[in-house]
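Enquirer: One letter stands for each residue in the lines below.
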Amino acid sequence: MNIIGVGSTKFSEHWDRGIKELIDEAVKNALKSSSLDIKDIDSLYVANCFGNTINGQGNINALCSDMFGINNSTAINGGDSSGSQAIIQAANSIAARNSKIALVIGVEKMSDLGVNEASSVISQVTDYDYEASQGATLASLYAMITSQHMKEHKTTLGQLGMVSVKNHANAANNDMAQFKFAIAPEDIAKSQMVATPLRVLHSAATGDGCCAVVMANDEIAKKHKEKIKLIGHGTGSDFLAVHEREDITTFNALKYASKVAFEKAKIKPHNISFAELHDVFSISELMSIEDVGFVKKGEAARFVEQGKANIDGEISINPSGGLKGCGHPFAATGVRQAIEVFYQLNNNAGKRQVKNAKYGLTSTLSGTGSTAVVAIFSK
Amino acid sequence: MVGIIGYGVYIPLYRIKTEEIANTWGRDVDSVKKGLLISEKSVPNIDEDTVTMSIEASLNALKRAMIDPKEIGAIYSGSESPAYAVKPNISMVANAIGMGNNYTGADVEFACKAGTASLQMVMGLVKSNLIKYGIAIGADAAEYSVENVGDQSTGTGSAVFILGNNKNEIVAEIKETVSYSSDVPDFWRRPRMRYPTHAERFTGEPAYFKHTVIASQLLMEKTGLKPADFNHVVFHTPNGKFPTRVAKFLGFSNEQLRNGFVVDKIGNTYSAASLIGLASVLDDANAGEKIIVTSFGSGAGSDSFYIEVTDKIESKKNLARTTKDYLEKKKYVDYTTYLKLTSRIE
Amino acid sequence: MHKTNVVMQWRKTRKGYYITGSKCKECLELFFPSRLNCPKCRSNELEDYKFNGTGEVYSYSTIFFPLAELEKNVPYTIAMIKLDEGPKMTAQLVEYDNLKEGMKVESCVRKVYTDGEGGIIHYGIKFRPVK
Chain A
1 MNIIGVGSTK FSEHWDRGIK ELIDEAVKNA LKSSSLDIKD IDSLYVANCF
51 GNTINGQGNI NALCSDMFGI NNSTAINGGD SSGSQAIIQA ANSIAARNSK
101 IALVIGVEKM SDLGVNEASS VISQVTDYDY EASQGATLAS LYAMITSQHM
151 KEHKTTLGQL GMVSVKNHAN AANNDMAQFK FAIAPEDIAK SQMVATPLRV
201 LHSAATGDGC CAVVMANDEI AKKHKEKIKL IGHGTGSDFL AVHEREDITT
251 FNALKYASKV AFEKAKIKPH NISFAELHDV FSISELMSIE DVGFVKKGEA
301 ARFVEQGKAN IDGEISINPS GGLKGCGHPF AATGVRQAIE VFYQLNNNAG
351 KRQVKNAKYG LTSTLSGTGS TAVVAIFSK
Chain B
380 MVGIIGYGVY IPLYRIKTEE IANTWGRDVD SVKKGLLISE KSVPNIDEDT
430 VTMSIEASLN ALKRAMIDPK EIGAIYSGSE SPAYAVKPNI SMVANAIGMG
480 NNYTGADVEF ACKAGTASLQ MVMGLVKSNL IKYGIAIGAD AAEYSVENVG
530 DQSTGTGSAV FILGNNKNEI VAEIKETVSY SSDVPDFWRR PRMRYPTHAE
580 RFTGEPAYFK HTVIASQLLM EKTGLKPADF NHVVFHTPNG KFPTRVAKFL
630 GFSNEQLRNG FVVDKIGNTY SAASLIGLAS VLDDANAGEK IIVTSFGSGA
680 GSDSFYIEVT DKIESKKNLA RTTKDYLEKK KYVDYTTYLK LTSRIE
Chain C
726 MHKTNVVMQW RKTRKGYYIT GSKCKECLEL FFPSRLNCPK CRSNELEDYK
776 FNGTGEVYSY STIFFPLAEL EKNVPYTIAM IKLDEGPKMT AQLVEYDNLK
826 EGMKVESCVR KVYTDGEGGI IHYGIKFRPV K
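Residue numbers (this note's numbering), protein chains in the order written: chain A, 1 to 379; chain B, 380 to 725; chain C, 726 to 856.
Note that these hints are calculated values from the structure, not bench results.
20 Å max Cα-Cα, derived PhoX-like pairs, lysine-lysine:
hint, chain 1, residue 1, chain 2, residue 2
1, B, Lys710, C, Lys856
2, B, Lys466, C, Lys737
3, A, Lys151, C, Lys807
4, C, Lys775, B, Lys449
5, C, Lys737, C, Lys813
6, C, Lys740, B, Lys466
7, B, Lys710, C, Lys825
8, B, Lys703, C, Lys856
9, C, Lys856, B, Lys709
10, B, Lys442, C, Lys775
11, C, Lys829, B, Lys709
12, A, Lys151, C, Lys829
13, C, Lys825, A, Lys154
Take these sequences, add in the hints, and give me the full structure.
Expert: Shown next, in the form of structure tokens:
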């Protein structure tokens with residue numbers, strides 16, 4: 001199972017474009033990148049979270065079939081990790097020989113809503129009955145997780161800020177990023193408080209974007225110069241509500257997904273050259289570094305602080321700029337991560353290039369970590 | 380026989396001082412304080428209403444009554460500020476305290492005497508043995524338009540009484556009740572208006588004083604009791620002045636008025652006013668003491684009650700938070716916060 | 726939040742405004758909220774369990790960017806409360822001074838939100854400091 005071409009829109013507030021226009025651009029770019037025609041695609045896997053609620057359009061897979069004339073299409077809606085889930089679905093279909101060349105699309109258009117309305121819609125990925133309807137926002141849940149992580153593992157606000165600084169610095173070299181500029185550590189404490197102790201600059205912003213990747217079986221991939229191979233993946237789950245978890249500073253879903261992915265890939269965490277992790281809030285990048293298995297629980301803050309997660313560090317974390325630098329149109333994110341892996345492993349990441357990149361890992365989390373999807377790629 | 384087997388109150392945490400409101404509107408603070416005899420009033424939190432207050436007051440009453448809520452056969456709630464104009468407060472309260480489904484009840488309206496009207500309704504059902512236990516609630520989060528001096532005295536609170544007919548459970552027997560009513564347009568609110576209208580001085584003599592005096596006199600006539608026979612008297616408290624004046628007129632002393640007099644600290648809690656006063660008296664009452672309670676509701680009418688405390692009161696008083704507990708637990712807010720909490724900022 | 730969920734509110738509150746969870750008859754663990762299947766031992770033998778309503782603050786966050794329905798309540802504080810019996814729950818915290826983790830709290834019924842001026846009122850559980 002391979003990715004043989006990728007395409008994307010910029011992540012931004014695309015006031016002048018709706019879902020169809022975003023999909024059109026990303027798919028055009030992906031086909032160009034894989035030197036294929038739309039007629040070569042035999043199946044569609046479309047990830048989208050809020051088409052129903054925000055855009056009034058459900059059945060986004062049918063929308064795509066309508067646009068491209070492809071019969072076999074499937075919709076994936078599973079929170080923030082939808083994009084990754086769609087890649088897994090396409091891979092499984094190829095492995096089962098039900099598809100030869102699959103097109104995976106992750107699309108989200110969120111900028112049509114105001115901030116507070118968006119907060120209410122986004123709260124759908126938390127526990128509706130016992131978190132959202134009690135007044136909790138996604139940010140406030142991550143904020144409590146942050147406080148606990150600071151208490152139990154002595155992570156500091158300063159260290160949290162370094163995650164954002166690093167990711168912005170990386171995004172400054174990424175043309176498709178929504179926030180293509182560096183920030184200074186002092187900027188963080190000056191940004192507005194969202195939910196104590198998390199501020200605006202600790203939080204990924206939502207926006208609009210579409211990413212597409214073309215996936216193919218080994219036989220077809222052989223003919224393509226630029227490609228990456230999916231060598232292992234895993235999906236894990238945890239309690240929907242944060243309060244039901246014994247240890248709220250651990251993403252159990254991610255620990256499980258990671259374990260399965262590494263077993264399938266037959267490599268270990270220290271073999272990974274770079275990883276695209278889910279930094280919807282700075283704390284989730286730190287916890288992901290721990291729960292994927294790069295460092296022990298509680299050590300991620302120091303890891304980042306010591307520069308080990310930089311592009312030239314031990315394991316580059318979010319060389320693309322991550323969710324913070326690129327922006328987080330929910331269902332597009334998982335596919336965007338795979339696109340970064342494609343560039344990195346094919347030596348095409350320009351100023352973001354991780355040297356001697358051999359294995360890349362992507363990981364997304366839905367909501368506060370109720371679903372985790374991990375994928376490992378090689379050249 | 381019918382009497383109180385459990386009682387409870389709820390007063391919100393926040394208070395605003397009389398001068399805080401007066402200063403905003405350029406009123407002379409001393410005149411306002413002297414005229415109203417109110418130094419501060421209770422303010423609901425933004426997430427409180429007559430339902431939430433009644434739930435807590437009812438839970439306190441249940442703690443004292445020590446009965447299974449499923450045995451309560453009726454619940455009546457009197458308020459000028461129910462949560463819904465249509466959908467009774469009582470359904471949420473009954474649900475919250477575990478009353479099951481075998482009960483009757485309704486939301487009652489008669490301006491500030493809706494609470495005592497509810498009490499009389501429950502008395503009837505209990506005394507006639509139609510039900511074993513019944514709950515009567517008086518609750519209000521009273522409001523006046525902000526520029527009106529009436530906003531100086533509107534308070535917020537709830538009082539709940541559980542009645543029964545078993546001699547062994549009654550902590551205070553309601554021995555008699557007499558009412559006096561007539562058609563007087565002294566204070567009203569049309570359905571689509573947020574704030575009521577007050578007929579100013581007309582609400583005094585022809586309304587409050589006439590009905591309070593006559594109802595109290597009729598009660599004393601019926602029972603053959605004189606003012607001096609009572610240990611405690613409770614009147615409706617639109618402010619601190621009116622009850623003090625009517626007490627004097629009828630021949631009651633400030634001593635008798637004292638235990639039930641809380642208006643100076645929480646303002647006029649409308650349908651809850653005389654009932655909170657009664658609860659305050661019971662908190663410190665002794666067996667054998669006689670209490671007279673006369674409410675007043677604009678429109679207009681007064682309900683007067685003769686209540687005698689039994690020896691069962693002693694063991695029940697401290698089973699739940701007392702009126703004093705709620706009076707003492709307080710936090711002051713400024714005028715802007717007061718406007719925010721009472722949803723006046725549009 | 727999801728609008729016009731009158732029936733959802735009714736389903737949620739028909740058992741009363743209590744903190745009701747489950748007790749597993751097999752492994753005796755307590756859970757909030759109630760479940761049909763035990764997360765510990767996977768038994769299907771669970772019964773309703775009514776929590777006392779007291780506990781302590783486990784973690785909290787004061788929200789400045791609210792849900793649309795709670796714009797008039799800003800800033801408000803959400804917390805994870807560790808109930809005396811063990812399980813945690815998420816609820817708003819009100820009327821506190823010097824909020825600290827470990828602070829002892831008790832439950833109260835308050836308005837959580839309304840479906841606008843003409844919509845239904847959603848009452849629910851919040852917590853406040855014990856006197």
